[in-house]
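Given chain A, put chain B in place with the hints provided.
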Amino acid sequence: MTTIKLTNINKTFGKGLSKVHVLHDINFEANKGELILVLGPSGSGKSTFLTITGGLQTPTSGTVELNGKSLTSASKKDLEKLRLDKIGFVLQSYNLLPYLNVREQFQLVDRVKKQGNLDKKRFDDLIMTLGIEDLLHKYPSELSGGQNQRVAIARALYTDPEIILADEPTAALDSDRVAEVGKMLQELAKEKNKAIVVVTHDLRLQNYADRIYHIIDGKMTEDKATTETKEATEQK
Amino acid sequence: MFLAIKEIKHEKLRYGLIIGMIVLISYLIFVLTSLALGLANSNTDAIKSWNAQSIVLNKDSNISLGQSIITEDQAKNIKLSSKDAYIGQSSVVAKSKGVDQISATYLGIDKDQYLYKDLKLTSGHKATKAHEVVADEKFEQSGYKLGDKIKLNSLKDKYTIVGFTKNAKINVAPILYGRISDWQEIKGMGTTLAASAVVSQNQKTDFSDANLKNYPIQKFIDKLPGYSAQNSTFTFMIAFLMIISLIVIAVFLYILTIQKIPNYAVLRAQGIPAKVLIKTTIAQSVILVISGLVIGTILTILTAIGIPTSVPMSFNIPLLSLVAIGLVLTSILGSLVPIRTILKVDPVEVIGG
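Residue numbers (my numbering), protein chains in the order written: chain A, 39 to 274; chain B, 9 to 361.
Pulled out of the complex, with its shape left as it was, chain B reads as follows:
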């Protein structure tokens, strides 16, 4: 440790550049991971907030909420418990004067069921009357306020925002929670439609209709349009980034050690044991990587504070900690690569011919 710290302190520029490189690599990995996670969460925020374990959809819907319809006749064959709730889904474009229009998802819910009861607001109140909606915070961030009248698609009636909630996004689109009767109106099919689906906090909903099917919620999430493909892309991207970064760090540490071979040869000639030099090399690598990680983490936190709220960014501390531990372990591995070279350093080389 003595030699490791002394050398870093003396060779400030050289080691500063290496720490800088590690800072950039760790920052890049942290930010990309957080962005990928943020985007993944934007797909599933609302679903997770429902605490649902299963969902009943029309069996011909290809496990797509948007394509699923439960008719009134089918609904008669469903025995809802207190842990089940109807949802009626429709894609809408919300417009209001003076603010940008937003593509959103309207979710009709029943005020007597758990989804409505469990809905947590950041401001305002729940929709108690017709044409009232609770909007996701995205609306608030885009300039919409409580009491604003919004137009949905080309419907004549205007809707009033009476509350805001957070983490209410499905497939990245912000949700407008309203009454299920209003959803029927938006759909334009009257009361022939009961809902799009039934979500349940149980593993199964009690129903007896051959046209309906129960799915685990994770399967439903995996089938969200683009969700799996997007996640796979990000996972592979981050994995490759990790592997390449780790190799780059290992190569740098190896080059650093190789550059010190003449000094090591002198020390070996003086009888300094190889284990002292190996410990020094490992300690130096760990110091460099931990310093880089600490600065990278601070930069990531500053980025999280400064980045616009419209950019989805989510920090999963256990995941990021794993990434950090991976970097430290790889740096140790990188510093182990030249151990053979250290052990084979020939002190004779430093004695002139």
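Bound conformation, chain A alone:
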């Protein structure tokens, strides 16, 4: 089932001579249980793609649908609620508040979103899966890059969202950690039945993706060869 669908998305900034066309006719969809990689160099438009997908920006033209509901026509308040309820962000800066310990990062969510978060059993299961059960009393500054990233992923999953949008989640990690995060995202997509979209320029994540898109100069293309190879491997 398609979780998020972008149709003919265009995004331009500025006017007249300073007008910049950042995204060109982007068509994209992500389904539950999939880990999708959007690969592109810096300045290719992948962050703009991510922010439009997450309802943080509106496209100049085109539509974004989450579970069939249009984000492009939603009010600011509705988008805020959607981001809280349905979309989980994992940001390059780990999106953790420096003055809350790991447990309190989740408590903050409970205070803002009273219902629909993971219950205790599923939460315990999640932190066990991510291997952060011993880090609950620690502050982000006391954690390594990999630990921070795992906590950020847990934080994003805690609201039980439909889709996880990750921005360069492995930017600060060494190869071992990249493998660890890649494998974990792959498992989460499958086990938790989430659509996970990762925008990155880190090619080390390719092996873990179900589908790969390339974005260059605002134009997106699907890497069909990778997708077919993956499907063939899975069928075997």
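Treat the hints as calculated values from the structure; they're not laboratory data. A couple of the hints might just be wrong.
[What the hints assert, rightly or not] Listed below are the simulated PhoX-like cross-link pairs for lysine-lysine, each with C-alpha atoms no more than 20 Å apart in a straight line:
1. B:K56 to B:K174
2. B:K283 to A:K119
3. B:K212 to B:K91
4. A:K151 to B:K14
5. B:K91 to B:K137
6. B:K212 to B:K87
7. A:K176 to B:K14
8. B:K105 to B:K157
9. A:K151 to B:K283
10. A:K152 to B:K287
11. A:K115 to B:K174
12. A:K152 to A:K119
13. A:K43 to A:K107
14. B:K287 to B:K17
15. B:K105 to B:K128
16. B:K212 to B:K84
17. B:K287 to A:K119
18. A:K114 to B:K283
19. B:K137 to B:K125
20. B:K84 to B:K67
21. B:K17 to A:K115
22. B:K20 to A:K176
23. B:K287 to A:K151
24. B:K287 to B:K352
25. B:K103 to B:K157
26. A:K176 to A:K70
27. B:K14 to B:K283
28. A:K114 to B:K352
29. A:K119 to B:K352
30. B:K137 to B:K164
31. B:K174 to B:K134
32. A:K152 to B:K283
33. A:K115 to B:K283
34. B:K119 to B:K84
35. B:K67 to B:K287
36. B:K119 to B:K91
37. B:K212 to B:K67
38. B:K17 to A:K176
No experiment lies behind these values; they were computed from the predicted model shown.
Below, chain B alone, put in the same frame as chain A:
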């Protein structure tokens, strides 16, 4: 509140310094206000203790007790009631062996009139005989004791301190209450002078003399030498201090909020509503200012306990409470300044380019 408290607890040094700043500001305002009030009271303590509503002075005295004279002839035209009393005022320098000399005000009063009857003592007894005086507590604090013989100006006769009273100051000078006949002696004009003035608990004293005039007591207070100028100076000084302090606090709170914009952007990206962040900002400001005020108040109380009694300091709780409420309100205003910034936080900024 959750975020506000957690952040303060985690960033102890940063918030400790801000609370420290608020402590110093509130302490400065409290102490200055109390000192100004103490000084103002030193001018009027005695007058307030008389519970007078009006005063009759010589019309050519420029509403100055020191310059006013009521002669015996004029006094015949005054019908004193039980709520009226003569006072004879003279500036004196009191001296005694082994203690510092003190510039004081001698006030002669009549033992049959209300001022004498209402005089409250902290020790000793009222002046019943010639050359006896009841002195303000300032004398006691300066080492004078009951029974001490004091010399006034260059007069031959010595006066005996037979009692002490408190809050007996006029124009900051401590008062020596004695008999009005002794005042006539100090003045050196014999019995031709009846008094300097008539104070009354009524709004008007009954008299029929064109050279005398009745004044409301507040007008008399306002005309005390230097009193209005001094009060205006302190009022303006404290008002400016308040305004500048409030701006400083508001600026600090604004800077604090601006520093947190990246964190707020992350929270907005995650769908945390702006109202949660605004409530957090306001709650944090109130917590910081109230903490600062509480410590500032404790420091002010300790100062009041430890400060020498010679320093006039008076605590007007309603006034200081108003100052404290003003600081809290301003902190809320200060935290409201960056609300537009919070509302305009662009979550896109936290997503890398």
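In ascending order, which of the hints set out earlier in this document are inconsistent with the structure?
5, 11, 15, 21, 26, 35
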